[in-house]
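Dock chain B against chain A, hints included.
Chains as they are written, first to last, in UniProt numbering: chain A, 1 to 471; chain B, 1 to 352.
These aren't lab readings, by the way, just hints derived from the structure by calculation.
From a predicted model like this one, the values you see are computed outputs, not experimental measurements.
A few chain B residues facing chain A, derived, Cβ under 7 Å:
1. S123
2. H131
3. L152
4. S186
5. Y352
Restraint-style ranges between C-beta atoms, simulated for each label pair:
6. A:M423 <-> B:D165: 50 to 58 Å
7. A:A196 <-> B:A217: 34 to 42 Å
8. B:G166 <-> A:E40: 43 to 51 Å
9. A:S284 <-> B:T345: 16 to 24 Å
10. A:E424 <-> B:A320: 52 to 60 Å
11. B:E53 <-> A:R164: 53 to 61 Å
12. A:M423 <-> B:D277: 43 to 51 Å
13. A:C412 <-> B:V349: 23 to 31 Å
14. A:D310 <-> B:A320: 38 to 46 Å
15. B:G166 <-> A:G33: 51 to 59 Å
16. B:M208 <-> A:E424: 41 to 49 Å
17. B:D277 <-> A:D332: 53 to 61 Å
18. B:V349 <-> A:K389: 18 to 26 Å
For every residue, glycine included, the Cβ atom is placed at its ideal position computed from N, Cα and C.
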Amino acid sequence: MAIEIKMPALSPTMEEGTLAKWLVKEGDTVKSGDIMAEIETDKATMEFEAVDEGTIGKILVAEGSEGVKVGTVIATLDGEGEEPASAEPKAEAPAEETEEKPKGESEETGASPAQEKVETGARQLFEAAKHDAAVADPALPEGTEMERMTLREALRDAMAEEMRRDDRVFVMGEEVAQYQGAYKVTQGLLDEFGEARVIDTPITEYGFAGIGSGAAMGGLKPIVEFMTFNFAMQAIDHIINSAAKTNYMSGGQMRCPIVFRGPNGAASRVAAQHSQNYGPWYASVPGLIVIAPYDAADAKGLLKAAIRTDDPVVFLENELLYGRSFDVPKIDDYVLPIGKARIMREGKDVTIVSYSIGVGLSLEAAETLAKEGIEAEVIDLRTLRPLDKKAVLESLKKTNRMVVVEEGWPTCSISSEILAIAMEEGFDDLDAPVLRVTDEDVPLPYAANLEKIALVNADKIVAAVKKVTYR
Amino acid sequence: MAKAPAARKAPVAKAQPPVPNRERPDEPKLYEASKEELLEFYKQMLLIRRFEEKAGQLYGLGLIGGFCHLYIGQEAVAVGLQSALSDKDSVITGYRDHGHMLLCGIPPKDVMAELTGRQAGISKGKGGSMHMFSVEHKFYGGHGIVGAQVSLGTGLAFGHKYRKDGGVALAYFGDGAANQGQVYESFNMAELWKLPIIYVIENNQYAMGTSVNRSSAEDQLYRRGESFRIPGIQVDGMDVLACRGAAEEALEWVRAGKGPIILEMKTYRYRGHSMSDPAKYRSREEVQAVRDKSDPIEHAKKLLEEMGVKEEDLKAAEQAIRKQVNEAADFAEQTPEPDPAELYTDVLVERY
Chain A
1 MAIEIKMPAL SPTMEEGTLA KWLVKEGDTV KSGDIMAEIE TDKATMEFEA
51 VDEGTIGKIL VAEGSEGVKV GTVIATLDGE GEEPASAEPK AEAPAEETEE
101 KPKGESEETG ASPAQEKVET GARQLFEAAK HDAAVADPAL PEGTEMERMT
151 LREALRDAMA EEMRRDDRVF VMGEEVAQYQ GAYKVTQGLL DEFGEARVID
201 TPITEYGFAG IGSGAAMGGL KPIVEFMTFN FAMQAIDHII NSAAKTNYMS
251 GGQMRCPIVF RGPNGAASRV AAQHSQNYGP WYASVPGLIV IAPYDAADAK
301 GLLKAAIRTD DPVVFLENEL LYGRSFDVPK IDDYVLPIGK ARIMREGKDV
351 TIVSYSIGVG LSLEAAETLA KEGIEAEVID LRTLRPLDKK AVLESLKKTN
401 RMVVVEEGWP TCSISSEILA IAMEEGFDDL DAPVLRVTDE DVPLPYAANL
451 EKIALVNADK IVAAVKKVTY R
Chain B
1 MAKAPAARKA PVAKAQPPVP NRERPDEPKL YEASKEELLE FYKQMLLIRR
51 FEEKAGQLYG LGLIGGFCHL YIGQEAVAVG LQSALSDKDS VITGYRDHGH
101 MLLCGIPPKD VMAELTGRQA GISKGKGGSM HMFSVEHKFY GGHGIVGAQV
151 SLGTGLAFGH KYRKDGGVAL AYFGDGAANQ GQVYESFNMA ELWKLPIIYV
201 IENNQYAMGT SVNRSSAEDQ LYRRGESFRI PGIQVDGMDV LACRGAAEEA
251 LEWVRAGKGP IILEMKTYRY RGHSMSDPAK YRSREEVQAV RDKSDPIEHA
301 KKLLEEMGVK EEDLKAAEQA IRKQVNEAAD FAEQTPEPDP AELYTDVLVE
351 RY
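Just chain A, same shape as in the assembly (with noise of 0.2 Å):
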C-alpha cells in the first residue's frame, strides 16, 4: 500500500510552509535519509528527508505551492515491489486528529472543521491573537496610512531604523547575525549593519548580558536579545544588579541604557522550563522599564522608544504572536510613549485588564459578551514598568468592575498589582471584587491536555466578568 508523505511540522508553532523545491521526481527511488524536498518556513528554509524506502509514486503538491498546511499528503511512496499506483488525491485532507504539534502560525487559517478544533492552550492563545484592536491608537492623527506586517518584521524595523539613526546602538545574541535570529526577528541586520554590530555570542548569557551593560555603561547603546527569556536567567544578576541600579548607585551619574529583548511567556508544548512569563519577576525592580506589547504597531512604537531611553528595558515578546499580522502606521519614525496603557475596545460595563498575548484573550472574550450584552472595555498595559495606574483607574470609574488577565502565574503577579491598586486607589469605584484569570499555579505541563487547561483562555475571562457583573 502506497504510504502518504505528509507536509511535515518544523518547528513547535509550524501550522503551514511553502514547498519551495521538490528535489524528487516521481518514479525516483528513495531510501530513508534522501532529500526529498525544500520546504519554507517563515523561520527558515529545511531539507525534507524521506524516512522510508519506495518509489515515489504521486506528487501532489507542485513546488511553489505556498500556505500548505501541516499534514497536508504532499505526494505518496510506493513501497518496494508495489505498482506505482496513482495515488487518489487527497490533496486537502485535514490534519489528522492525532496530529500533535499544535498548529502555530497561520494567517488564514482554513475552513476545515478539523483545523478550526482547539487542540492545545497555546493553540487558543495563538488564535485569539487574531484580534486587531477595536479602536485605533488615539495618538494617531485620524487617516494614517496602515501597513499589514507581522509582529516579527515591526521589531526587525524599529531596530534597523535605530540602528540607522544612531550608531552606538548595536544588537548582540546568539544566533542573532549569521543565522538571522533563532525566531528570525533579526533578518537582515547583519548584512545591512555588518559584524562590527549585529555580533553573535557564544551560548553563554550571564556573559554577554555583563557586557551589554558594562558597554552600556561605557556609553554604548546595546540591544540584547535573548533566545527566550527562559535564558535569561541565567543573566538575571546583571540585568538587575548592575543594570537597574547602576544609575542610583552612582547618585545619576552612570547610566546603563541597554534593551534586553526576546520572547517571552508560553510557546507552544515546549513545557515547563520554556514557558514562563517573567513580566512580574522585572516589574518588581525599580530601575527597570518593562514593556510587553500585544501588536505590530505597538512592538515598533515601543522597541523604538526602548531603544532611545536613557534607562535599560527589559522588553518581552511573545513568539505566538511573532507571524501575527498586524496593521502598523506608515510613519516616517513611529515612536510611542513609554509607560502609556491603551483602549483595545470601549465598553462601559466591565473592564479587562491584560497585556501581551492576554490581550487577544480579552478582546476574544469582549466578542463573546458583546452577544451577551455586556459591554466591556479592554485595556492593553503595553507598560509593565512604569504601570498606568491612571489608565486602569479612569476606565474603573466608568465600569465599576474589572477583571484581569495574564498569560502567566497569579501569585505576585501583574494581576494581583492590578488588585492591590484598584483596592487602594479605587475602592469606592468597585461594585464587586476584581477577579484576576490567569494560569494555573503549577508548572506548565507538557501534555496537551494538560497545557490547555492550565493556560488562560477566553472562557474562563467571560465567566469571571460574568461573576463580577452578577449575570
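For chain B alone, coordinates are given in the frame of chain A:
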C-alpha cells in the same frame, strides 16, 4: 632593574628550548623608575594606606556602616598598574575599591563622604563603600557582586574597540571571583573578539575565609586563561616596580591588538575580608611575617632611601598625606546626609 634587552633571561640559550605554539608576551621587567616617579608611587601607596586606616577607624566609630573592605597590604598592585594608564583607559573593580578610586584621581573627601553616606559623596550617599563610580574619571565601579565586574569590564573593552578610541579596560577581580562562571564566559568572548582588556587577578590568597588552595583546583591563577588562549603572567604584587613593569608589558600586548591578557598579582591583605571578619582562618604570625618582610610601602621607602631621598622629605610627604586624609574624614563626618527627597531621585533617568 636594567631596561636593556640584554639583561633579560635569554631562552635561546637553553639546549632544548620549548617551542610555544603561539605568541606569548615577554616576561615583564622591573620598572626602572626615576626618583621622582618612585616617590610618587610611594605617596600614592601611603595615601591609600592612611585613607583605609582612617576608614577602619570611622567604621569602628559607627560613622561608616554596612560592608567595608579595606585595601591595606595590596596598595602596590593598583599603584603600579594604574600609574601606567592613559586618560583613554577605563578601570573597573569589585567592592574593595577605595584605593583604585583614589588613583583614578577622585578626591579622597568625595570617597570618604560616600563611605559615611553623605550627600557630598561620589554617589550622593546612595551607593556606599561597594558601589561607587565616576564616569568623569573613567572609573566604572565599585561592584558588589563577586565577578560581575569581569563581564562588565569586558563590556567596557568592547566599547573601546567599537568606538576605536584606543582605550584599554583594566578589570580587577580577586582570587575568589576567579572561580565564578561568568569570568570564563567573558574570557572566551574577549579572546574571540580580541578585546582590549587586562584582567587583573588580585590574588590576596583568601576568598573571604577560604584560601586559594582550598578553593581552586588550578591555584596558579595566571594559567586560568589557557583554555581560551589568553596568556597570563604572575607578578610580585608586593613590589610596585614589578607591578608597573607588568603593566607596561600587558599594555603593549593589548594595545597591539593581540587581545586580552591576564595578570595574576600575588599580594596579601592585612585586614580581614571586611570589617566584620575576625580572620580566624589564618594565624597572626602569618600576617605579621608578611608585614615585616614584604610590605610594599616599606619596600618602596627603602629603595627611595637608597636613591638618596632624605628621611625628612619622606616624613614631610607622610605628614601632608595624613593632613589630607584627616581633612577628608572631618569633611565626611560634618557634611550633611542626603535630603530625604533624594530617596526618589536617580531611579530612572527619564520621566514617563
